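Asker: These are the residues of each chain, in order.
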Amino acid sequence: MAPKYRLIYFNLRARAEPTRLLFAAAGLQYEDVRIRRDTEWPALKPNTPMGQVPVLEVDGVTICQSNAIARYVAKETGLAGKTNLEQAQVDMLVDGMGDLRGKQAAIRKASEDKKDQCKEELAAFAPNFLRRYEELSGPHAGHLVGDSLTWADLEFYDVMAKVLMYLPGILDNLPKLAKVMDTVPANKGVADWLAKRPETPH
Amino acid sequence: MPSYKLTYFNGRGTAEIVRLVFAAAGTEYEDVRLEHDQWPELKPSTPMGQLPILEMDGTMLCQSNSIARYVAKMAGLAGKTPLDQARVDMVMDGMVDMGNKFAYEIYYEKDEDKKAEKKKDYVEKYVPQFFSSLNKLASDGGYFAGDELTLADIAFYNMVTMVNPYLEQPLSLDGFPNLEKVVDNVTSNPGIAKWLKERPETPY
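Chain order of the listed sequences is A and B.
Plus 12 on top of the position in the first sequence (first one is 1) and you've got the working numbering.
Plus 83 on top of the position in the second sequence (first one is 1) and you've got the working numbering.
It should be emphasised that the hints constitute simulated quantities derived from the structure, not laboratory data.
If you're wondering where the values come from, they're calculated on a predicted model, not measured in any experiment.
Treat the hints with caution; some may be incorrect.
[To be verified] Each computed SDA-like pair below joins lysine to any residue, with the alpha-carbon atoms no more than 20 Å apart:
(1) B/K156 to A/D107
(2) B/K219 to A/G63
(3) A/K57 to B/N218
(4) A/K94 to B/A158
(5) A/K87 to B/K208
(6) B/K198 to B/S215
(7) B/K156 to A/T95
(8) A/K121 to B/N218
(9) A/K87 to B/P165
(10) B/K219 to A/P61
(11) A/K87 to B/L166
(12) B/K156 to A/E98
(13) A/K94 to B/N218
(14) B/K163 to A/R144
(15) B/K126 to A/A136
(16) A/K87 to B/K163
(17) B/K163 to A/G90
(18) B/K163 to A/T89
(19) B/K184 to A/A118
(20) B/K219 to A/V70
(21) A/K87 to B/D167
(22) B/K184 to A/G110
(23) B/K163 to A/A117
(24) B/K219 to A/G72
(25) B/K126 to A/D111
(26) B/K88 to A/E98
(27) B/K264 to B/A276
(28) B/K126 to A/L148
(29) A/K94 to B/T164
(30) B/K208 to A/G63
(31) B/K184 to A/N96
(32) B/K126 to A/K121
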């Protein structure tokens with residue numbers, strides 16, 4: 013029987029990876045479709061809600077926008093936050109992480125002569141940002157919100173794994189955030205996925 | 084019932100979507116508008132050094148769309164089923180993209196020639212294509228999710244009216260009948276209609 017969920021994206025981590033981490037953490041089966049940008053995307057594009065991927069197909073409905081998809085899957089897997097307030101806190105932390113993700117992605121997208129400037133911008137932005145996140149991080153060690161794994165932890169792990177490539181010591185004096193980086197891969201589903209997921213440029 | 088306190092500057096900006104949801108929900112809230120010189124003192128105590136923030140029951144939330152979603156959820160305006168909620172979220176995110184594209188490619192562009200070119204492209208190519216996609220997502224009753232007003236409909240109305248003042252003419256909904264209905268549904272909602280009449284006139 014085909015899985016109920018079909019996630020379609022390019023063969024990249026990027027905007028689909030938090031959703032893949034959610035499925036993995038919960039052990040929920042899904043079809044991880046990776047399309048070729050050159051040969052397959054042009055035909056698919058007009059059939060997507062907003063001409064973009066990732067999309068998630070479920071029960072005859074197609075959802076687009078990576079955070080909308082991730083939030084839906086987080087709710088399906090019980091990883092969205094346990095109360096309405098916790099869900100709002102998860103949402104706001106994920107929203108904020110968009111800024112960090114953007115600064116890190118800018119380095120990759122920049123032309124060679126601009127890369128150093130983008131790296132400096134990340135180095136200037138990250139410390140204050142992460143200091144605030146350390147303060148916002150909840151009292152339960154290893155979890156940004158509540159006392160168990162949420163989408164916020166997975167999103168944080170995904171972004172920080174990339175940020176740490178440029179700023180390796182940045183979590184040294186931020187113990188709660190550093191602990192999240194341990195807690196996430198300690199989840200068996202996540203660990204299995206990290207070990208077997210395709211190698212991709214980003 | 085908790086007491087809600089929304090804090091932003093004296094403008095619509097990124098807070099207006101929250102104010103519109105409160106209006107549609109008929110929920111009382113304190114609509115705090117800071118002078119710019121009051122902001123530095125408050126800033127360190129906010130979660131991410133930004134506005135708007137929502138305070139309730141000793142908790143502070145930030146990020147305008149997260150706040151809007153929370154308030155909408157409390158009022159049953161965030162979508163009735165998980166899939167409807169995902170539809171609402173995707174439309175909200177799409178509207179943010181539309182706003183960001185305007186802001187980064189046009190509003191912040193200093194080169195006047197580039198600015199004019201990008202504006203033309205936005206109005207003549209990008210928006211019609213995007214509205215065409217959105218028109219398919221909206222029902223012919225004028226709802227993006229289910230058959231009742233949700234945050235998605237409000238987000239559409241809010242972003243379009245946010246961008247319009249910066250253009251030579253308001254964005255056209257000709258050929259997008261479902262989107263015209265969405266706007267009707269939003270502006271004829273009693274709470275929103277009242278708010279639109281009463282809200283302060285502000286430059287942004």
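Asker: It remains to establish, for every hint, whether it holds in the given structure.
Answerer: Comparing the hints with the structure gives:
As the CA atoms of B/K156 and A/D107 are separated by approximately 17 Å, the hinted pair is consistent with the 20 Å bound. Our distance criterion of 20 Å between C-alpha atoms is met by B/K219 and A/G63, whose separation comes to about 12 Å. Between A/K57 and B/N218 the alpha-carbon distance is near 17 Å, which keeps this suggested pair within the 20 Å criterion. In summary, the hint linking A/K94 to B/A158 is supported, as the alpha carbons are separated by about 18 Å, within the 20 Å threshold.
A hinted pair counts as satisfied when its Cα atoms are at most 20 Å apart, and A/K87 with B/K208 does not qualify at roughly 36 Å. Under the criterion of a C-alpha separation no larger than 20 Å, the hint pairing B/K198 with B/S215 is inconsistent with the structure, at around 24 Å. About 11 Å separates the Cα atoms of B/K156 and A/T95, which keeps this hinted pair within 20 Å; it holds. At roughly 32 Å between alpha-carbon atoms, A/K121 and B/N218 are farther apart than 20 Å, so this suggested pair is violated.
Using a Cα cut-off of 20 Å, the hinted pair A/K87 and B/P165 holds, with the two alpha carbons roughly 8 Å apart. Annotation: proposed proximity of B/K219 to A/P61 holds, straight-line Cα distance about 8 Å (limit 20 Å). For a cut-off of 20 Å, the pair hint linking A/K87 to B/L166 stands: about 10 Å separates their Cα positions. For a cut-off of 20 Å, the pair hint linking B/K156 to A/E98 stands: about 13 Å separates their Cα positions.
This hinted pair does not check out: A/K94 and B/N218 have alpha carbons roughly 34 Å apart, beyond 20 Å. For the given pair, B/K163 sits about 34 Å from A/R144 by alpha-carbon distance, which is inconsistent with the 20 Å threshold. For the suggested pair B/K126 and A/A136, the alpha carbons sit about 19 Å apart, so the restraint of at most 20 Å is met. Using a Cα cut-off of 20 Å, the hinted pair A/K87 and B/K163 holds, with the two alpha carbons roughly 14 Å apart.
For the suggested pair B/K163 and A/G90, the alpha carbons sit about 18 Å apart, so the restraint of at most 20 Å is met. Restraint check: the Cα-Cα separation between B/K163 and A/T89 comes to about 18 Å, which is no more than 20 Å; the hinted pair holds. Taken as a hint, the B/K184 and A/A118 pair is honoured in the structure, with Cα atoms around 16 Å apart against an allowance of 20 Å. Simply put, B/K219 and A/V70 have alpha-carbon atoms about 18 Å apart, close enough for the 20 Å limit, and the pair holds.
Between A/K87 and B/D167, the direct Cα distance comes to roughly 13 Å. Compliance with the 20 Å bound is thereby established for this hinted pair. A threshold of 20 Å between alpha carbons decides the hint, and for B/K184 with A/G110 the separation of about 16 Å falls inside it, so the pair holds. In summary, the hint linking B/K163 to A/A117 is not supported, as the alpha carbons are separated by about 35 Å, beyond the 20 Å threshold. Between B/K219 and A/G72, the direct Cα distance comes to roughly 15 Å. Compliance with the 20 Å bound is thereby established for this hinted pair.
This hinted pair checks out: B/K126 and A/D111 have alpha carbons roughly 18 Å apart, not beyond 20 Å. A hinted pair counts as satisfied when its Cα atoms are at most 20 Å apart, and B/K88 with A/E98 qualifies at roughly 18 Å. For the given pair, B/K264 sits about 15 Å from B/A276 by alpha-carbon distance, which is consistent with the 20 Å threshold. Note on B/K126 and A/L148: the hinted pairing holds, with a Cα-Cα distance of about 15 Å set against a maximum of 20 Å.
For the suggested pair A/K94 and B/T164, the alpha carbons sit about 17 Å apart, so the restraint of at most 20 Å is met. Using a Cα cut-off of 20 Å, the hinted pair B/K208 and A/G63 holds, with the two alpha carbons roughly 14 Å apart. For the hint pairing B/K184 with A/N96, the CA-to-CA distance comes to about 31 Å; that exceeds 20 Å, so the pair is violated. At roughly 32 Å between alpha-carbon atoms, B/K126 and A/K121 are farther apart than 20 Å, so this suggested pair is violated.
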